[in-house]
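A.B. asks: Given chain A, put chain B in place with the hints provided.
If you read the sequences in order, they're chains A and B. In the working numbering, each number is its position in the first sequence, counted from 1, plus 14. In the working numbering, each number is its position in the second sequence, counted from 1, plus 14.
Worth flagging that the hints you see were computed from the coordinates, not collected in a lab. Predicted model only: the values in this text are computed from it and were never measured. Hints may contain errors.
Chain copies aren't distinguished; within one or between two, either way the pair holds.
Taking lysine-lysine pairs in the DSS-like style, the calculated list, with each CA pair at most 30 Å apart, reads [claimed, not checked]:
{"#": "1", "residue 1": "53", "residue 2": "97"}
{"#": "2", "residue 1": "72", "residue 2": "53"}
{"#": "3", "residue 1": "212", "residue 2": "198"}
{"#": "4", "residue 1": "474", "residue 2": "53"}
{"#": "5", "residue 1": "53", "residue 2": "230"}
{"#": "6", "residue 1": "53", "residue 2": "90"}
{"#": "7", "residue 1": "53", "residue 2": "290"}
{"#": "8", "residue 1": "332", "residue 2": "206"}
{"#": "9", "residue 1": "337", "residue 2": "230"}
{"#": "10", "residue 1": "102", "residue 2": "90"}
{"#": "11", "residue 1": "103", "residue 2": "29"}
Number of protein chains: 2
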Amino acid sequence: MQDFINYMERINMFKQVIAIMEFDSETIAPGGGLAQRAKRAGFFELEVYNMQTSDTIKNFLDTLAPVLDSQDDIVKALYKEAKDEYDKKVKIPADIMEQYAKLTEESNDVWRKARKANDFAKFAPYLERIIKLDMKKLEYRKDKIPAGGCVYDVLLNDYEDDMTVTIYDRFFGTLKGTVVPLLKKVMASEKKIDTSFKNAVVDIETQRKISEFIAKKIGYDLNRGYIGVAAHPMCMSTDSTDVRITTRYDETDFLSSLYSVLHECGHAIYEQNMGKDIAGSLLGDGTSMGIHESQSRFYENVIGRSLEFWEFITPELKEILPKEFAHVTPQMFFEAANESKPSLIRVEADELTYSLHVIIRYEIEKMLFGGECKIADLPQIWNSKYEEYLGLTPPTYADGIMQDIHWPIGYFGYFPTYALGSAYAAQFLHYMKKEMDVSSLIRKGEFSKITDWLREKIHKHGSKYTPALLMQKSFGEQLDSTHLAEYLTNKYSKLYKLI
Amino acid sequence: MQDFINYMERINMFKQVIAIMEFDSETIAPGGGLAQRAKRAGFFELEVYNMQTSDTIKNFLDTLAPVLDSQDDIVKALYKEAKDEYDKKVKIPADIMEQYAKLTEESNDVWRKARKANDFAKFAPYLERIIKLDMKKLEYRKDKIPAGGCVYDVLLNDYEDDMTVTIYDRFFGTLKGTVVPLLKKVMASEKKIDTSFKNAVVDIETQRKISEFIAKKIGYDLNRGYIGVAAHPMCMSTDSTDVRITTRYDETDFLSSLYSVLHECGHAIYEQNMGKDIAGSLLGDGTSMGIHESQSRFYENVIGRSLEFWEFITPELKEILPKEFAHVTPQMFFEAANESKPSLIRVEADELTYSLHVIIRYEIEKMLFGGECKIADLPQIWNSKYEEYLGLTPPTYADGIMQDIHWPIGYFGYFPTYALGSAYAAQFLHYMKKEMDVSSLIRKGEFSKITDWLREKIHKHGSKYTPALLMQKSFGEQLDSTHLAEYLTNKYSKLYKLI
Numbered sequence: 015m016q017d018f019i020n021y022m023e024r025i026n027m028f029k030q031v032i033a034i035m036e037f038d039s040e041t042i043a044p045g046g047g048l049a050q051r052a053k054r055a056g057f058f059e060l061e062v063y064n065m066q067t068s069d070t071i072k073n074f075l076d077t078l079a080p081v082l083d084s085q086d087d088i089v090k091a092l093y094k095e096a097k098d099e100y101d102k103k104v105k106i107p108a109d110i111m112e113q114y115a116k117l118t119e120e121s122n123d124v125w126r127k128a129r130k131a132n133d134f135a136k137f138a139p140y141l142e143r144i145i146k147l148d149m150k151k152l153e154y155r156k157d158k159i160p161a162g163g164c165v166y167d168v169l170l171n172d173y174e175d176d177m178t179v180t181i182y183d184r185f186f187g188t189l190k191g192t193v194v195p196l197l198k199k200v201m202a203s204e205k206k207i208d209t210s211f212k213n214a215v216v217d218i219e220t221q222r223k224i225s226e227f228i229a230k231k232i233g234y235d236l237n238r239g240y241i242g243v244a245a246h247p248m249c250m251s252t253d254s255t256d257v258r259i260t261t262r263y264d265e266t267d268f269l270s271s272l273y274s275v276l277h278e279c280g281h282a283i284y285e286q287n288m289g290k291d292i293a294g295s296l297l298g299d300g301t302s303m304g305i306h307e308s309q310s311r312f313y314e315n316v317i318g319r320s321l322e323f324w325e326f327i328t329p330e331l332k333e334i335l336p337k338e339f340a341h342v343t344p345q346m347f348f349e350a351a352n353e354s355k356p357s358l359i360r361v362e363a364d365e366l367t368y369s370l371h372v373i374i375r376y377e378i379e380k381m382l383f384g385g386e387c388k389i390a391d392l393p394q395i396w397n398s399k400y401e402e403y404l405g406l407t408p409p410t411y412a413d414g415i416m417q418d419i420h421w422p423i424g425y426f427g428y429f430p431t432y433a434l435g436s437a438y439a440a441q442f443l444h445y446m447k448k449e450m451d452v453s454s455l456i457r458k459g460e461f462s463k464i465t466d467w468l469r470e471k472i473h474k475h476g477s478k479y480t481p482a483l484l485m486q487k488s489f490g491e492q493l494d495s496t497h498l499a500e501y502l503t504n505k506y507s508k509l510y511k512l513i
Numbered sequence: 015m016q017d018f019i020n021y022m023e024r025i026n027m028f029k030q031v032i033a034i035m036e037f038d039s040e041t042i043a044p045g046g047g048l049a050q051r052a053k054r055a056g057f058f059e060l061e062v063y064n065m066q067t068s069d070t071i072k073n074f075l076d077t078l079a080p081v082l083d084s085q086d087d088i089v090k091a092l093y094k095e096a097k098d099e100y101d102k103k104v105k106i107p108a109d110i111m112e113q114y115a116k117l118t119e120e121s122n123d124v125w126r127k128a129r130k131a132n133d134f135a136k137f138a139p140y141l142e143r144i145i146k147l148d149m150k151k152l153e154y155r156k157d158k159i160p161a162g163g164c165v166y167d168v169l170l171n172d173y174e175d176d177m178t179v180t181i182y183d184r185f186f187g188t189l190k191g192t193v194v195p196l197l198k199k200v201m202a203s204e205k206k207i208d209t210s211f212k213n214a215v216v217d218i219e220t221q222r223k224i225s226e227f228i229a230k231k232i233g234y235d236l237n238r239g240y241i242g243v244a245a246h247p248m249c250m251s252t253d254s255t256d257v258r259i260t261t262r263y264d265e266t267d268f269l270s271s272l273y274s275v276l277h278e279c280g281h282a283i284y285e286q287n288m289g290k291d292i293a294g295s296l297l298g299d300g301t302s303m304g305i306h307e308s309q310s311r312f313y314e315n316v317i318g319r320s321l322e323f324w325e326f327i328t329p330e331l332k333e334i335l336p337k338e339f340a341h342v343t344p345q346m347f348f349e350a351a352n353e354s355k356p357s358l359i360r361v362e363a364d365e366l367t368y369s370l371h372v373i374i375r376y377e378i379e380k381m382l383f384g385g386e387c388k389i390a391d392l393p394q395i396w397n398s399k400y401e402e403y404l405g406l407t408p409p410t411y412a413d414g415i416m417q418d419i420h421w422p423i424g425y426f427g428y429f430p431t432y433a434l435g436s437a438y439a440a441q442f443l444h445y446m447k448k449e450m451d452v453s454s455l456i457r458k459g460e461f462s463k464i465t466d467w468l469r470e471k472i473h474k475h476g477s478k479y480t481p482a483l484l485m486q487k488s489f490g491e492q493l494d495s496t497h498l499a500e501y502l503t504n505k506y507s508k509l510y511k512l513i
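Extracted from the complex, chain A is given alone in its bound form:
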């Protein structure tokens, strides 16, 4: 048993160093070193792969399987982690994996060019081949299909434990049923939102100070953290004592960095709050993409986009920038930070419309892996769904079906997880409100009680439990999108005076 734990700890050490290299690469590493860095990253990733698929790990898994029930949660979670990786990587023959790697690399390249040329027909054959090869890969993983399920379930489960089409159908059904009509009302509303002050010039040094102030305030421990600058905001964690984030600063868009920092701090606080029993180990990180994103969305949206947050932060902001925002009230900041408008591009969508972008992708993936549609018809399907849910039709493929990198590189089953974060966050808020006056705490800038609650319910468990098990243990129920539906209805009805 101790040998198995040590072996997993060895994998953990390699993963930590890969994280450090990645953070270094995204922040301060010189551009000229790219090739050697790629070589080095490849080397260490192969080391991890070799450990995860070794005869040694197979022996551990075989020995542990019959006695697993009598083990503690930590051994069980390590076993699951090891087994998932082993199965995913070993069951499919190496030549198919190689074919797939080559194909997606080529496809990625073709997609980039075709997107520029607005030429879907050029990319379509690659998409077709990727899906075919994916189906072939899935033939080796049929044992992963849940009872009464389908092959797409296996892909969904790759990105979020326990998820299935059945669960997502219900989840997205509720959401769509609320958001689509709500958005129509918002669009019809006569409420005008003043956003003129959003682009006031705030120099980068000041933005840096604001970032640090807010990060500290909401509970990000800078003694175990660091706020860097990178092209893409990110959070990197080796273990709970070293959790770093990045943001980017735009002199004429201070809200962009402020919300990036809040978002990444949500991820970071989760990573910093691991329980003592798992901190520093392979289990000392977030349990899933969905739960991780719930923490970033909680701090970014539930807290950061609330009126109460602006009631708290506006006086602080005015002290730092008395001139720029002299006339701006908390209500005005709140409105400007929450303006909702249907748009074509997922990554630019607001809190209300975001899930609709995800739903469209989910519905199309489900059709693709159910054999219910042809590749050639995709643009038309895409466009009609955008028209139906968001009232817009993309003028180009780049603004439409060719906007995301996921399909060109074979990341099917990934998109749906993007919608989980907000739903979990709203669900957590629902339960949190039963135990404390959340609004009042935010208004007073007293975030420690909120973070303490999240630590006890979510953070400290790390990846000891799958999302479903965590929900069961902490709340006695499963993911439920009615909370998000309710949260969005309340927020946007008030904001746009729909009631």
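C.D. replies: Showing chain B alone in chain A's frame:
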């Protein structure tokens, strides 16, 4: 053969990642992560140790030994690297190594406290035990003693290939014979040097710009480099495409950072200029501490502390800082940057007096390992040498025999290498001057010819050759301190108007 090369490349990958982690740790890593970082560094260092001492490497060495003569320089150098590490680490029994590690850790701790309390007697027994244990370790390495040599030779050779007491005695003899009387003349000189402008306030952002300007100018490629900030100036290289330096900025001492940057750039340019045949490999770094330091000293002192350099840089500096240095001439900068004064602390010594500090330590180490003195007598020996060479007597042990960390942690044989850099640098200058007008190039800020010359003679060979072999190949002669003696005599005679 390819297996051996691949195995060494594997060690190289681990060493590169250790370098990245170290740089990260010294620059941006959060303080709270110290313990986990130490654990991780220890893990990867042990991995390297295990590879360097494995049965696999022993097999490679045994197989290669009989056919080594027919191999190319690269295989020969890799063999030497592997064999040196193997011998150093395997020949001494593990329990003695463990004892030594424990003892030096304890000794380090005692030294810190004893230094504060100015209590040599408290530290002395530890020093005695370390030397005893070192002698015991050396018994296992008797085969490393050169013909007619002594045990101290083995230690000297650990820090610089090919060095012996015989060589150092001659080397330091010449130097001492010149510097001690020269320093007496300097001290007697009536020349007054104006240093009043050295502490002008220069804000850090401006110093940053000056650093970058000079670094680029002298040939440090920032596309493969990065200038960071750390408590101690350093140079980190994974390979020639990623070579970073750090400096520290003091608002009231801009020369300090300027010379740190020049010094570290010297190291960095060496690392960036590796030849194609070795770049990125284990041989793609500096061949020895002495040769490495020759490059940093060349850029810092030979170039950076020359009158010609100040003739070049003063107008540039005045453009950036017109007010602060309005009245300062190149001659004044030159003089202020070269003021010489005997002092008690090695790390603060100037170009003229530095080697005297090193000589004192060398002479004492030689006595210690020759059994020619008692530990209890060391303070008295130390003080009388400082009086003789530098005309000063330390008022406390902290200013005297207890100032350096080297002996408390068992780094015997290390100090002498500190004097090699300046000597090699002066020797290189001697030969360079035969091929180009170095003064004129510096005055015009045309450093590329100088760097090209150093690349061809030194840089591109990396650690393919030992220092002695490199000198033989590039100059047909060995290290010779008469060049440094001559360089210092010329420079300081002019500066202090001794002629």
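A.B. asks: Determine for every hint whether it applies to the structure shown.
C.D. replies: For each hint, the structure was consulted:
no., hint, verdict
1, 53 - 97, "both (28 Å within a copy, 27 Å between copies)"
2, 72 - 53, "both (28 Å within a copy, 27 Å between copies)"
3, 212 - 198, "within (25 Å within a copy, 69 Å between copies)"
4, 474 - 53, "between (35 Å within a copy, 22 Å between copies)"
5, 53 - 230, "between (37 Å within a copy, 27 Å between copies)"
6, 53 - 90, "between (34 Å within a copy, 25 Å between copies)"
7, 53 - 290, "between (35 Å within a copy, 17 Å between copies)"
8, 332 - 206, "within (24 Å within a copy, 55 Å between copies)"
9, 337 - 230, "within (25 Å within a copy, 40 Å between copies)"
10, 102 - 90, "within (18 Å within a copy, 43 Å between copies)"
11, 103 - 29, "both (17 Å within a copy, 28 Å between copies)"
Checked against the numbered hints above, the structure violates none of them.
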